[in-house]
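Residue numbers (this note's numbering), protein chains in the order written: chain V, 4 to 332; chain D, 4 to 332.
FYI, nobody ran anything at the bench for these hints, they're computed from the structure.
Even for Gly, the Cβ is constructed at its ideal location relative to N, Cα and C.
There could be a bad hint or two in this list.
[Claimed, not checked] To spell it out: a stretch of chain V is covered by chain D in this simulated footprint if at least three of its residues, at any positions, have a beta carbon under 8 Å from a beta carbon of chain D; those stretches are:
#1 55 to 68
#2 180 to 194
#3 224 to 237
#4 298 to 307
[Said to hold, decoys possible] Each pair of labels, with its calculated beta carbon distance range:
#5 151/D <-> 290/V: 35 to 43 Å
#6 198/D <-> 215/V: 27 to 35 Å
#7 272/D <-> 142/V: 39 to 47 Å
#8 205/V <-> 44/D: 52 to 60 Å
#9 261/V <-> 291/D: 50 to 58 Å
#10 212/D <-> 150/V: 38 to 46 Å
#11 38/V <-> 235/D: 57 to 65 Å
Protein chains: 2
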Amino acid sequence: MHNPDHSQDVTAGEVLAPYLHARAADFLRGLRLHGESGSDTAGAEEAARTLRGAARRIGGTLHTFRPLLDTAWADQLRTELAWLSGTLALEQACTSRLVRLVDALSRLSNGGGPVPAARNAEGGPGITVGAARAGALLERQLTLARTRAHSASLQALGSARFHAVADAVALLASEVPLGPAGAAPAIEVIDAPAELAERRLLDAVAALPLTRAAHPYNADALALAAGEAQDAPWHQTRLLLRLHRYATEALHTGGEPDPVLYEAARALDAHRDAAEAAAAAAAAARTPRIAPATAYALGVLHADQRHEVEAARFAFQRAWHRTTAPVVS
Amino acid sequence: MHNPDHSQDVTAGEVLAPYLHARAADFLRGLRLHGESGSDTAGAEEAARTLRGAARRIGGTLHTFRPLLDTAWADQLRTELAWLSGTLALEQACTSRLVRLVDALSRLSNGGGPVPAARNAEGGPGITVGAARAGALLERQLTLARTRAHSASLQALGSARFHAVADAVALLASEVPLGPAGAAPAIEVIDAPAELAERRLLDAVAALPLTRAAHPYNADALALAAGEAQDAPWHQTRLLLRLHRYATEALHTGGEPDPVLYEAARALDAHRDAAEAAAAAAAAARTPRIAPATAYALGVLHADQRHEVEAARFAFQRAWHRTTAPVVS
Chain V
4 MHNPDHSQDV
14 TAGEVLAPYL
24 HARAADFLRG
34 LRLHGESGSD
44 TAGAEEAART
54 LRGAARRIGG
64 TLHTFRPLLD
74 TAWADQLRTE
84 LAWLSGTLAL
94 EQACTSRLVR
104 LVDALSRLSN
114 GGGPVPAARN
124 AEGGPGITVG
134 AARAGALLER
144 QLTLARTRAH
154 SASLQALGSA
164 RFHAVADAVA
174 LLASEVPLGP
184 AGAAPAIEVI
194 DAPAELAERR
204 LLDAVAALPL
214 TRAAHPYNAD
224 ALALAAGEAQ
234 DAPWHQTRLL
244 LRLHRYATEA
254 LHTGGEPDPV
264 LYEAARALDA
274 HRDAAEAAAA
284 AAAAARTPRI
294 APATAYALGV
304 LHADQRHEVE
314 AARFAFQRAW
324 HRTTAPVVS
Chain D
4 MHNPDHSQDV
14 TAGEVLAPYL
24 HARAADFLRG
34 LRLHGESGSD
44 TAGAEEAART
54 LRGAARRIGG
64 TLHTFRPLLD
74 TAWADQLRTE
84 LAWLSGTLAL
94 EQACTSRLVR
104 LVDALSRLSN
114 GGGPVPAARN
124 AEGGPGITVG
134 AARAGALLER
144 QLTLARTRAH
154 SASLQALGSA
164 RFHAVADAVA
174 LLASEVPLGP
184 AGAAPAIEVI
194 DAPAELAERR
204 LLDAVAALPL
214 TRAAHPYNAD
224 ALALAAGEAQ
234 DAPWHQTRLL
244 LRLHRYATEA
254 LHTGGEPDPV
264 LYEAARALDA
274 HRDAAEAAAA
284 AAAAARTPRI
294 APATAYALGV
304 LHADQRHEVE
314 AARFAFQRAW
324 HRTTAPVVS
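This is chain V alone, in the form it adopts within the complex (with noise of 0.2 Å):
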């Protein structure tokens, strides 16, 4: 189904089935791979990977669509699921703010070029020292939360809830309960939904700073003080663009994926990933007793990620001007 018309013979449960059927089985797959990985941490990472995926595409699909489903069941799995791929993500997302960091820190400290340690001094005291106790600190505590997370993931693999959600989801593999709406032709009511989560996503872009953010250096993110504040609205554009991404697929199945689109996406991970990594460097900061050079370089830490924030803002009303220009103008 390439494109679907939307026929009068097709209806909205028809279009959305075998998208929902084809993530379903994704999750199940996810799942054999998770009980064939055993101590092979690789695989492990695919099938949590694999899981991962399927989740939050069964789940923003059961969102989106929600007014052609059983709204019952459509809620009860999707919180399910949520509670599932955010779990699993904690692992993932500690070992990349760790790989993040680390890397930062040694283009930080080493200058990314061939320089004499001897020119060294003008990096605060000893930036190479505290580069290298900070790094250490970071490695401590973001291990330990990896530690943390990996054990939480694996307990709720092995959980009476995780099973009932892959028996659900094994049901969704060949079945979609759906509500009334979801008998009645496609090119009545399926539309709507879809059109609803690109508004919402066109809505929250045009209450960004874009036209801020085109500025280069416009040192906007460096107002630390403000940080959540005003990272929030990108944020939740992040995932209303997720939404709209795979409601898109969902209509579209084996249509091609819009690059720029993808590219914008991209760009509002790495702005979660470097505000997230800034709070890290933050949090690590407030460690007891850590030495001044120490604190010195996860000062240094936090501004460069949220450098790094400012400059996936750039990345991302550049992604988007391009995306958008025929359909907002």
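Given the coordinates of chain V, work out where chain D should sit on it, guided by the hints.
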């Protein structure tokens, strides 16, 4: 003499003399202002600014047009003027560095918007507390440095060495000691030195990583350990751009300064100021026994100012491409 055409009747000395006479007169006016300023701080600042501006322009002209002048005299006076303008610049540099750093701390810790205090949690170990302490530390250190610079200025202006400079400049207000080439027709000898100054500038700019600087958020300037080494060619370009501007002033007396070239020069000034402010933050962080929160805020501040360094490079390449597009292409 507006855009002189350097006819055969005009000697090189006759072209340069009015400019040097005028700058020497500026210098003497600055000296008078200094004598009259007494305890009037604003007056003393204006006097120092006038003296410095005149000293830089005379020194630059002696440097660029050295082949046309009495070289022994030019070299000697230029050395003395460099000493004087360097000494006088320090106090103002301390003041503006402090203002820059305190403004940045305020921007970093206040968030620039109506953000409730309760949202400040993200900003590290009390970024507000750390910023206040860092500000107090910087104020102490830079005020001390400024007081020392002020004493050094006063001492310099009262010294026999300064009086010798003032005497030499007073002579220059009425007579320019020329070399043999100074009596040659301007059309034959005056363009080569000015073109050499321009060529040096163009070569220096060509060696800058402008393509890289044109990519916003490249994070080059945040490679802290490479700080001084990567800044040097930009600082050198700043000096060469100044020499070029002064040479242009000398040959087009009364002409309008090129606003875009001025903008490029301002960007390189901002580059230098931000680099020095970053170094001051780094130096403050090396103060023994500071609290981790203070060190943290200084680290944020250091990275913030390196961010400004990068922003200045971006601004320079943008201005430069407008300035020289016809020249370079």
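Hint check results:
1. 55 to 68: violated (count 0)
2. 180 to 194: The restraint on the region 180 to 194 of chain V is violated, since only 0 of its residues have a Cβ under 8 Å from chain D and three are required.
3. 224 to 237: holds (count 9)
4. 298 to 307: The restraint on the region 298 to 307 of chain V holds, since 10 of its residues have a Cβ under 8 Å from chain D and three suffice.
5. 151/D <-> 290/V: 35 to 43 Å: This hint holds: roughly 38 Å between Cβ atoms.
6. 198/D <-> 215/V: 27 to 35 Å: The hint (27 to 35 Å, Cβ to Cβ) is violated, given that residue 198/D and residue 215/V are roughly 43 Å apart.
7. 272/D <-> 142/V: 39 to 47 Å: holds, 41 Å
8. 205/V <-> 44/D: 52 to 60 Å: With a Cβ separation near 56 Å, residue 205/V and residue 44/D satisfy 52 to 60 Å, so the hint holds.
9. 261/V <-> 291/D: 50 to 58 Å: About 57 Å separates the Cβ atoms of residue 261/V and residue 291/D, which means 50 to 58 Å holds.
10. 212/D <-> 150/V: 38 to 46 Å: This hint holds: roughly 42 Å between Cβ atoms.
11. 38/V <-> 235/D: 57 to 65 Å: holds, 60 Å
Hint compliance for this structure: hints 1, 2, 6 are not met, and every other hint is.
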